[in-house]
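Just so you know, the protein sequences line up as chains A and B, in that order. Note that the numbering used here has the first sequence beginning at 51, numbered continuously upward. Note that the numbering used here has the second sequence beginning at 3, numbered continuously upward.
Because the hints were derived from the structure by calculation, they are not lab data. Quick caveat: nothing in here was measured; it's all calculated off a predicted structure.
Taking lysine to aspartate or glutamate and the DMTMM-like style, the derived pairs with C-alpha atoms no more than 25 angstroms apart in a straight line are: (1) K70(A) to E109(A); (2) K91(A) to E47(B); (3) K58(B) to E47(B); (4) K44(B) to E137(A); (5) K91(A) to E5(B); (6) K70(A) to E47(B); (7) K105(B) to E109(A); (8) K4(B) to D29(B); (9) K91(A) to E7(B); (10) K105(A) to D77(A); (11) K69(B) to E5(B).
These stretches of chain A come out as covered by chain B in the derived footprint (C-beta under 8 angstroms, 3 or more residues): (12) 87 to 94; (13) 153 to 160.
Quick reminder that beta carbons are idealized off the backbone N, C-alpha and C, glycines included.
Chain residues, written in single-letter form:
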Amino acid sequence: GAVVSQHPSWVICKSGTSVKIECRSLDFQATTMFWYRQFPKQSLMLMATSNEGSKATYEQGVEKDKFLINHASLTLSTLTVTSAHPEDSSFYICSAGDRVTEAFFGQGTRLTVV
Amino acid sequence: QKEVEQNSGPLSVPEGAIASLNCTYSDRGSQSFFWYRQYSGKSPELIMSIYSNGDKEDGRFTAQLNKASQYVSLLIRDSQPSDSATYLCAVKGQAGTALIFGKGTTLSVSS
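Full structure from sequences and hints, please.
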């Protein structure tokens, strides 16, 4: 199956700093990628839809100025958490799929803000 | 508001038994249905996908879909301790749209 690679797998940062997470589709071109966030014992919540070559679409309640998404190529989308705070600590997961159906997930990034 | 509902569990079954996981969804326009398995601290792993009414079997797993009732289920036969995980039901509309996830059902298989 298709492979989606996410990096880093975990990161610890100081409050107020920014963190960039990369999501790559390794063997297919992904015009659309999705970013999810998962808090402990909660389900995956869609944060935004990343479209290659255009602005991301954010879900209600997600601050677009805080969670910057860039999808500059058909194989790479990045999520930057700006001015991170402890409440941003979470498990961030990207997914990408072909045009038809399935979504393949990256390995996820465990962000801890101290 | 598109919603996917699952019983959070935990669902406890003995080794070798059948585990039955259920899911309902609100959007009648949904076209694709998925079951993912997620171990603690890990990313979801696709187990089954189903797109039309009826049953779909893959090894020990059987997915069942009833679009009229907006209901999808997953049966795990001969449950193993390694099946212990959280099972996420996910629903998708048109191609290119995001998956909508349920909150997941925690399954515990005791040896």
